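> The chain contents come next:
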Amino acid sequence: MKKLINAPADVVVESLRGLAAAHPGLRVDLEHRIIYRADAPVPGKVALVSGGGSGHEPLHGGFVGRGMLDAAIAGEVFTSPVPGQVVEATRNVDSGAGVVHIVKNYTGDVLNFEMAAEIALEETGIEVVAVITDDDVAVQDSLYTAGRRGVGVTVLAEKLAGAAAEAGRPLQQVADVVRRVNANGRSMGVALTSGTVPAAGRPTFDLPEGEMEIGVGIHGEPGRRRVPLAPARQVAGLLLDPILDDLDFTGGDGVIAFVNGLGATPLIELYLMYGEVAARLEKAGVRVVRSLVGPYLTSLDTAGCSVTLLKVDDDLVRLWDAPVNTPGLRWGV
Amino acid sequence: MKKLINAPADVVVESLRGLAAAHPGLRVDLEHRIIYRADAPVPGKVALVSGGGSGHEPLHGGFVGRGMLDAAIAGEVFTSPVPGQVVEATRNVDSGAGVVHIVKNYTGDVLNFEMAAEIALEETGIEVVAVITDDDVAVQDSLYTAGRRGVGVTVLAEKLAGAAAEAGRPLQQVADVVRRVNANGRSMGVALTSGTVPAAGRPTFDLPEGEMEIGVGIHGEPGRRRVPLAPARQVAGLLLDPILDDLDFTGGDGVIAFVNGLGATPLIELYLMYGEVAARLEKAGVRVVRSLVGPYLTSLDTAGCSVTLLKVDDDLVRLWDAPVNTPGLRWGV
Amino acid sequence: MSEIVDVTTLRSWLIRFAGDVEEHAAQLTELDSAIGDADHGSNLTRGLKAMVSVLADGTTPPSIGPMLKQSGMALVSSVGGASGPLYGTFFLRMATSAGECDALGPDSLAAAFRAGLEGVLARGQAVAGDKTMLDALIPAVETLEAALNEGRPFGEALKASADAAEAGRDATTPMLARKGRASYLGERSVGHQDPGATSTALLFRAAANTMIDGEDNQ
Amino acid sequence: MSEIVDVTTLRSWLIRFAGDVEEHAAQLTELDSAIGDADHGSNLTRGLKAMVSVLADGTTPPSIGPMLKQSGMALVSSVGGASGPLYGTFFLRMATSAGECDALGPDSLAAAFRAGLEGVLARGQAVAGDKTMLDALIPAVETLEAALNEGRPFGEALKASADAAEAGRDATTPMLARKGRASYLGERSVGHQDPGATSTALLFRAAANTMIDGEDNQ
Ligand SMILES: Nc1ncnc2c1ncn2[C@@H]1O[C@H](COP(=O)(O)OP(=O)(O)O)[C@@H](O)[C@H]1O
Ligand SMILES: Nc1ncnc2c1ncn2[C@@H]1O[C@H](COP(=O)(O)OP(=O)(O)O)[C@@H](O)[C@H]1O
Ligand SMILES: [Mg+2]
Ligand SMILES: [Mg+2]
Ligand SMILES: [Mg+2]
Ligand SMILES: [Mg+2]
Chain A
1 MKKLINAPAD VVVESLRGLA AAHPGLRVDL EHRIIYRADA PVPGKVALVS
51 GGGSGHEPLH GGFVGRGMLD AAIAGEVFTS PVPGQVVEAT RNVDSGAGVV
101 HIVKNYTGDV LNFEMAAEIA LEETGIEVVA VITDDDVAVQ DSLYTAGRRG
151 VGVTVLAEKL AGAAAEAGRP LQQVADVVRR VNANGRSMGV ALTSGTVPAA
201 GRPTFDLPEG EMEIGVGIHG EPGRRRVPLA PARQVAGLLL DPILDDLDFT
251 GGDGVIAFVN GLGATPLIEL YLMYGEVAAR LEKAGVRVVR SLVGPYLTSL
301 DTAGCSVTLL KVDDDLVRLW DAPVNTPGLR WGV
Chain B
1001 MKKLINAPAD VVVESLRGLA AAHPGLRVDL EHRIIYRADA PVPGKVALVS
1051 GGGSGHEPLH GGFVGRGMLD AAIAGEVFTS PVPGQVVEAT RNVDSGAGVV
1101 HIVKNYTGDV LNFEMAAEIA LEETGIEVVA VITDDDVAVQ DSLYTAGRRG
1151 VGVTVLAEKL AGAAAEAGRP LQQVADVVRR VNANGRSMGV ALTSGTVPAA
1201 GRPTFDLPEG EMEIGVGIHG EPGRRRVPLA PARQVAGLLL DPILDDLDFT
1251 GGDGVIAFVN GLGATPLIEL YLMYGEVAAR LEKAGVRVVR SLVGPYLTSL
1301 DTAGCSVTLL KVDDDLVRLW DAPVNTPGLR WGV
Chain C
2001 MSEIVDVTTL RSWLIRFAGD VEEHAAQLTE LDSAIGDADH GSNLTRGLKA
2051 MVSVLADGTT PPSIGPMLKQ SGMALVSSVG GASGPLYGTF FLRMATSAGE
2101 CDALGPDSLA AAFRAGLEGV LARGQAVAGD KTMLDALIPA VETLEAALNE
2151 GRPFGEALKA SADAAEAGRD ATTPMLARKG RASYLGERSV GHQDPGATST
2201 ALLFRAAANT MIDGEDNQ
Chain D
3001 MSEIVDVTTL RSWLIRFAGD VEEHAAQLTE LDSAIGDADH GSNLTRGLKA
3051 MVSVLADGTT PPSIGPMLKQ SGMALVSSVG GASGPLYGTF FLRMATSAGE
3101 CDALGPDSLA AAFRAGLEGV LARGQAVAGD KTMLDALIPA VETLEAALNE
3151 GRPFGEALKA SADAAEAGRD ATTPMLARKG RASYLGERSV GHQDPGATST
3201 ALLFRAAANT MIDGEDNQ
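Top line first, the protein sequences correspond to chains A, B, C and D. Going left to right, the first sequence walks through residues 1 to 333 as the working numbering numbers them. Going left to right, the second sequence walks through residues 1001 to 1333 as the working numbering numbers them. Going left to right, the third sequence walks through residues 2001 to 2218 as the working numbering numbers them. Going left to right, the fourth sequence walks through residues 3001 to 3218 as the working numbering numbers them.
Next up, chain A with everything else stripped away, as it sits in the complex (with noise of 0.2 Å):
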């Protein structure tokens, strides 16, 4: 294992140490392990609280600040955050107004959540509407099933749920924005290397030297076949042919097409990655008029990419446009 690292067991807390040094305008509450806009409760406000496990850094606490999140919540690397955490976060940042907890649909984040939102309704009356994210055309959903994993539509839905309340708007339609954001976006990943668990010291699992692994998840979890290592041309295709066979993604007011990296992959990559899905995009007739390129949703050291479409109308992209102020993402302000 090769890592900037101390020991792996403080790898959590020591990275966010050196976030809240790095970004002063963060409050950073290291016991709890999270990370709060400095000026939250802000008055009137709905607030948006996310979190899980770690190791997909900037999310979730590169996303706290104005017009977005209020709150993020660190597990351990990959695994995620107890209830208390939650609930002392969600204490710390309702104004009043509300709270919506944004959670990636993964057995233990849904879990934890849902313990911690009872808990706070229970203790402090707080009102909290959870609202999961499962994007992932990778897993076959189904009403019996743990169902779709939640990636990167999660980044989006923090983007553009944050503006909302940001805008004012109140706790239910704050809330909807997210499912909206989630009912009209998809994902699909591929990895070409293992990541490797701090802990663990060796990669999670073995991807010889020609293959690669499609529909992987964001923690090392299988994907859906492992094929031949590919040109970017087709792992274009490979990415994108299930998204749009699952949802239609033509007419309309277009799409916003995000292309994520999982961590070891470098910007180049990414940037010719998306021009591939760009030129796949244009042929199959969907129409880009947002874009998002880089690391935003990592998965530690994992090599690889995913890629995301969001379905929007004129109210998304607005809110997509309107200003946001993170260590990761940033315009308009």
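Note that these hints are calculated values from the structure, not bench results. It should be emphasised that the depicted structure is a prediction, and the values quoted were computed from it without experimental measurement. Please note: incorrect hints may appear among the correct ones.
Claimed, not checked - Straight line, CA to CA, 16 Å or less: simulated EDC-like cross-link-like pairs of lysine to aspartate or glutamate: (1) Lys2(A) <-> Glu1088(B); (2) Lys3049(D) <-> Glu3023(D); (3) Lys1002(B) <-> Glu211(A); (4) Lys1002(B) <-> Asp206(A); (5) Lys2(A) <-> Asp1206(B).
Knowing the structure of chain A, use the given hints to seat chains B, C and D with the ligands on it.
Same frame as chain A, but now just chains B, C and D with the ligands:
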């Protein structure tokens, strides 16, 4: 080699094509491999041009835009652009106020930019001032050698000089900002793995599991020495000590501290490293007034990081805080 | 043998469970690495250590409900994985069922287990056959209830319950996972024993071993 | 043998150089991989291909200066490494020295080489002993000048010049690099032959092979 690319020979152009598709606010000349801000030449403004080999993204193309570069020129991977490209870019951004070339100190870059400046002056009468950055303390400096390499300071110089140009300062003053930044900035890097040049197909150098290369360049050049892998806390010392030995960073108006990722090291580790750097600087009596953490000057898919310190005065801090609107750096806009 | 389970015995049960899990931590993690994310052993060990230190400190409340509540909260507050809220809920619901009392008779204990089971079902939204801890938990509780209904002695009923949990655990191997991380594997989850069912079998074996007089510390 | 080098002969020289470099491309790159970035062979091959296609197309100007200028510009416009501007400058300065003429006598050729050398010195700011192409270029030019001064026949002088370039090339092996990428290696550059000096030796051997009557294509 595991990369999201098509043919190795097409990497640079195809990545630029993706950059162009993702950022409609830029104008990208694929034939000459030049990235322009869409509104160049900006009347009355001194123009800033930089460039070099590809493989360092977002440097330089990701730093084109308001408050930073007017044009960036992309050479082949790790190969300087040719004078014709530089002349073309220079001609297209000059508003009559002159052009500053920011050139990283590598023989190929220096010579090709030098010829370009001569040709530009001869053929078009454009006044070009070239400033070379050479901040890498890993290389022993001497009048008789190629001298230090230009690395992290280049990012800061492009931001700061870009702000100076945007503020309407004249040619020599903008060039002076680059000179001041270079004179007051120092860098040092470490690689945990070697990057792979697409055309070569295999890592540039072998770095066994338990070792790292201290003082590495951004093209896989060898460093000062190869040492056993060490905890981040120690790595911070190995990078900072030679920097602090080379220039006194205590007192004055403080420093900008920049922890840069080399391409395959994820943000969770970069922030952890920043935490170590910040702690060490505090002990050394160096006051950090601004910081930057992320992969801004990469070396393909090299795992590792570099640290850059820049002594600043009030003027430089104001220039740092001034609005910048590029794909790679954005604030205040 | 006594047919009454008092606070001290319940405490022994929980501590025994913690010890057994720690002993089997490597196996649990190994099972989780085949179809999950290789942390069930360390998750539970961490959580149960937190629980034991709550049980061990002087402030342990003397009555059953509060003790089980503290235990459940300790788990919930320290695990972070799926198993934390699930095991936590199990003990929290047992706590509510037991209430502020000092000892439970066989039927009250069975009722508390039943309440715990209902809590896990509600929390996790899984059903029998999904290849989860429920596949050990459901037969364990149902077997205990049936044995008591049939009027079999308490000790025998507890042993039957532990046996049923182990049989249920073994039965998870050929199942296709439909809940939790293992579900992402689809067909590839078949042929592996579920880690959560494995730890649940330890829970009921620990009950048999601690709640039957003279069988503690065997 | 003729002591006059005309446009056609100079063209043959350049084309021969391009062919020789292509033939030795792997070796040049191999040398550059030891102390540089493994591209000297491909850099020069790419550049010289561009040069040859300029020389080969119908528009090649008939007089020496313009032809050398086109050749130099082709290199400058296609290499991108350190060697592009250096070799380019060499030919551009030769072009200026030769001017608009149709043939060069030995002294004019030597003067053109000298101008080229001065250009490389000025452009690269290196000196003899820095372990660069200059360590082949300087002895090649100086030996040619000396031989002509001593009144030795042109063919002999050219051969001596090529021999000197090769000796200079070999002499780079024990040197410590002070310029170019190799300089980052410090002590570790010792013991490796410089790639640029190696290609420069090819340039002067090609001159001897093409400018001496009847020796072309040997
Ligand atoms: N929805 C569910 N209902 C009941 N049990 C579940 C559910 N999801 C997962 N489990 C159980 O949790 C176990 C995994 O626990 P653990 O590894 O600690 O958590 P995580 O899956 O978050 O890493 C599985 O083996 C399974 O028995
Ligand atoms: N300053 C200099 N002066 C003269 N020759 C130089 C100088 N720097 C480098 N060289 C020559 O250039 C050669 C390397 O050329 P090449 O590999 O094509 O370019 P790059 O170093 O940019 O990759 C070296 O072997 C050396 O002979
Ligand atoms: Mg697990
Ligand atoms: Mg887990
Ligand atoms: Mg080279
Ligand atoms: Mg080169």
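> Now look at each hint and say whether the structure bears it out.
Each hint, compared with the structure:
The suggested pairing of Lys2(A) with Glu1088(B) is violated, with an alpha-carbon distance near 43 Å, which exceeds 16 Å. Our distance criterion of 16 Å between C-alpha atoms is met by Lys3049(D) and Glu3023(D), whose separation comes to about 12 Å. For the hint pairing Lys1002(B) with Glu211(A), the CA-to-CA distance comes to about 9 Å; that is within 16 Å, so the pair holds. About 14 Å separates the Cα atoms of Lys1002(B) and Asp206(A), which keeps this hinted pair within 16 Å; it holds.
Using a Cα cut-off of 16 Å, the hinted pair Lys2(A) and Asp1206(B) holds, with the two alpha carbons roughly 14 Å apart.
Consistency note: the structure conflicts with earlier hint 1 alone.
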